[in-house]
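Novice: If you read the protein sequences in the order shown, they are chains A and B. The first sequence begins at 5 in my numbering and counts up one residue at a time. The second sequence begins at 5 in my numbering and counts up one residue at a time.
A few of these clues could be false.
What the hints assert, rightly or not - The list that follows gives simulated cross-link-like pairs (lysine-lysine, DSS-like), each with its CA atoms no further than 25 Å apart:
1. A:341 x A:270
2. B:293 x B:341
3. B:147 x A:147
4. A:270 x A:203
5. B:133 x A:133
6. A:133 x A:341
Source of the hints: derived by calculation from the structure; they are not laboratory data.
Protein chains: 2
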Amino acid sequence: MKIINSTPRSDGFRMPAEWERHYGCVMIFPERADSWQYGAYAARRAFVETASAIAESEHVTVCASANQYENARRMMPSHIRVVEMSSNDAWARDYAPTFVTNGSDIRGINWGFNAWGGLVDGLYFPWDKDDAMARKLCDLFDKDMYDLGRFILEGGSIHVDGEGTCITTEACLLSAGRNPNLSKTEIENYLRECLNVNKVIWLKNGIFGDETNEHVDNICAFVKPAEVVLAWTDDTNDPQYELSRSCLEILERETDAQGRRITVHKLRLPAPVTITEDECAGLDTMNFKPTRTPGERLAASYVNFYIANGAVVMPFFGDPADEPARELLAALFPERKVVPIAARDILIGGGNIHCITQQIPMF
Amino acid sequence: MKIINSTPRSDGFRMPAEWERHYGCVMIFPERADSWQYGAYAARRAFVETASAIAESEHVTVCASANQYENARRMMPSHIRVVEMSSNDAWARDYAPTFVTNGSDIRGINWGFNAWGGLVDGLYFPWDKDDAMARKLCDLFDKDMYDLGRFILEGGSIHVDGEGTCITTEACLLSAGRNPNLSKTEIENYLRECLNVNKVIWLKNGIFGDETNEHVDNICAFVKPAEVVLAWTDDTNDPQYELSRSCLEILERETDAQGRRITVHKLRLPAPVTITEDECAGLDTMNFKPTRTPGERLAASYVNFYIANGAVVMPFFGDPADEPARELLAALFPERKVVPIAARDILIGGGNIHCITQQIPMF
Chain A
5 MKIINSTPRS
15 DGFRMPAEWE
25 RHYGCVMIFP
35 ERADSWQYGA
45 YAARRAFVET
55 ASAIAESEHV
65 TVCASANQYE
75 NARRMMPSHI
85 RVVEMSSNDA
95 WARDYAPTFV
105 TNGSDIRGIN
115 WGFNAWGGLV
125 DGLYFPWDKD
135 DAMARKLCDL
145 FDKDMYDLGR
155 FILEGGSIHV
165 DGEGTCITTE
175 ACLLSAGRNP
185 NLSKTEIENY
195 LRECLNVNKV
205 IWLKNGIFGD
215 ETNEHVDNIC
225 AFVKPAEVVL
235 AWTDDTNDPQ
245 YELSRSCLEI
255 LERETDAQGR
265 RITVHKLRLP
275 APVTITEDEC
285 AGLDTMNFKP
295 TRTPGERLAA
305 SYVNFYIANG
315 AVVMPFFGDP
325 ADEPARELLA
335 ALFPERKVVP
345 IAARDILIGG
355 GNIHCITQQI
365 PMF
Chain B
5 MKIINSTPRS
15 DGFRMPAEWE
25 RHYGCVMIFP
35 ERADSWQYGA
45 YAARRAFVET
55 ASAIAESEHV
65 TVCASANQYE
75 NARRMMPSHI
85 RVVEMSSNDA
95 WARDYAPTFV
105 TNGSDIRGIN
115 WGFNAWGGLV
125 DGLYFPWDKD
135 DAMARKLCDL
145 FDKDMYDLGR
155 FILEGGSIHV
165 DGEGTCITTE
175 ACLLSAGRNP
185 NLSKTEIENY
195 LRECLNVNKV
205 IWLKNGIFGD
215 ETNEHVDNIC
225 AFVKPAEVVL
235 AWTDDTNDPQ
245 YELSRSCLEI
255 LERETDAQGR
265 RITVHKLRLP
275 APVTITEDEC
285 AGLDTMNFKP
295 TRTPGERLAA
305 SYVNFYIANG
315 AVVMPFFGDP
325 ADEPARELLA
335 ALFPERKVVP
345 IAARDILIGG
355 GNIHCITQQI
365 PMF
């Protein structure tokens, strides 16, 4: 693995869209008991189901700590690769490399990672093992790496259409805990150079209460060029309403890098999901304080799905909105099987299917 | 990675000779300070030189603990892959998988490992991480695995010619600390079934004082079918003399699996190598006792070389016998470059070049 000091754009590499063909997917076995209930037992079943659904159509590598390797190996089906790799938590989307391709080979981007806000509003400390993962994963896959460690970015805060357009949120990328010394223009230039895009569409916000500072991957995702799904509620009393409404207005007046208008499919949210007292009791404390409060609203959204080669793996919440969401995604991805995962136990950890996966383009 | 419950022989897989084409090689970054002087600093240079020499003609993967990953990554050239994997020590030969091939794919054998003798005369406790490595490495390489965990064997205790013959030592394979409940015949049957060989040549002993219970890979190695090098001394006062003499007699009267007589090349040993007081002072204690005693003789032998695709990587000891040994190996491997490594710091750890490497056949 060589460290490359140029940029993907200058070398003719670009970040492909998630629906372009994958070599495979990286996940991380959940372990920390202040993120995941019952010593992470609850979430593991959903992780295994997610990995299994993805592995039906692409290679899956699951990283597990030395302590959890044996357990992860036992729980994951045998055709899924389990490798030993230490981390602080299990969010592959946010600290596995963002891979870029030139059509024949791929390279990884190592962004800086500071647990969604560092000492300003980060979610845990330390985050050193997470931050080292992109480098270790490039090494594991024998792929060279662009080292952007000086620039804080999580994979969940960007989506691309593979044709020159990136979508992101101001709430996250302009947050005080990431790159406070960079202007919006400078941040956009990083995206242009590293993802090799010509247009960045800036949404203002994401999902209400999303503790990642409102990652785009929980509110809006490309489903094909010039076409997105947007998390939506018709309830004007829900604080989410104004956030989604603002996104819609921006998307309706924007064009993509190719000058196309953008079709927006409203993907209606479940009723607000709140954590119960019993669930909170299943979480360890962090720095002597609880990590969740009973009744706290969780950032549930169907937009947080993963597009595998042969499937769209999406969260279900046991809500009447589950089935309409499934039907909409099935209609938008007619050549893929839509696989719902009962994802409440992932959601309690703070993210969902897209957050715990990172695709590796074909090479 | 699937666990296979049949045997390589029944599936048409065999262990290839070391000179058959490799995909690559596995090594482990040294770390434990009671095996390696100065917190393993001394040996690392020799490990890096060994890995670099091998990587000129095949892929090299170096396993490093979470703590040492960053350091290993910094020290190893960038074209060598470094992966995170925990171990108790750094002897890839003895606990990486023994790979078998059917000509188109390979599978690994996971032998049981108990630190060269378990609670009888093993060299350290615990050995759980070492014992888990074969499984993890099969997983890493996405290769299926024969689980022979019930049978204690180290890779350094066997050599094969790839044409049906295995060579080993009674001192090791019949030792009380390995498989005391198995007869010699039963042990031989394991070798026949797992390596897919038809003839096992049993030498009595290995190198004097070799704390592995005298692994064959330190005293005798195939260099081609029906041709071996044998560690040798002409000094009849050296306790090694009788050990080597006995090996020679056995080899001269044996035939291999194909019925051929065996040509023996004497590979003359260096003068006895002993550890100094200063070197001993550079080693941590184990269980409150020193691991080496000043003046202790080390099991130095030129036989402990590694055959890479394009090189023979051999130990040098700063002895007048270095150069003749190099010349003999150069003559025996005319198509490979012989690369000497100043190996005293590996030797102090208890082994040499062959002990710290494990080849992976082409797949």
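Novice: For every hint, state whether the structure bears it out.
Specialist: Results of checking the hints against the structure:
The suggested pairing of residue 341 (chain A) with residue 270 (chain A) holds, with an alpha-carbon distance near 20 Å, which does not exceed 25 Å. Under the criterion of a C-alpha separation no larger than 25 Å, the hint pairing residue 293 (chain B) with residue 341 (chain B) is inconsistent with the structure, at around 42 Å. Pair hint residue 147 (chain B) plus residue 147 (chain A) holds up; C-alpha atoms about 21 Å apart against a cutoff of 25 Å. Distance restraint check for residue 270 (chain A) and residue 203 (chain A): the Cα-Cα separation of roughly 23 Å lies within the 25 Å cut-off, and the hinted pair is therefore satisfied.
Pair hint residue 133 (chain B) plus residue 133 (chain A) holds up; C-alpha atoms about 21 Å apart against a cutoff of 25 Å. For the hint linking residue 133 (chain A) to residue 341 (chain A), the alpha-carbon distance of about 35 Å lies beyond 25 Å, and the restraint is violated.
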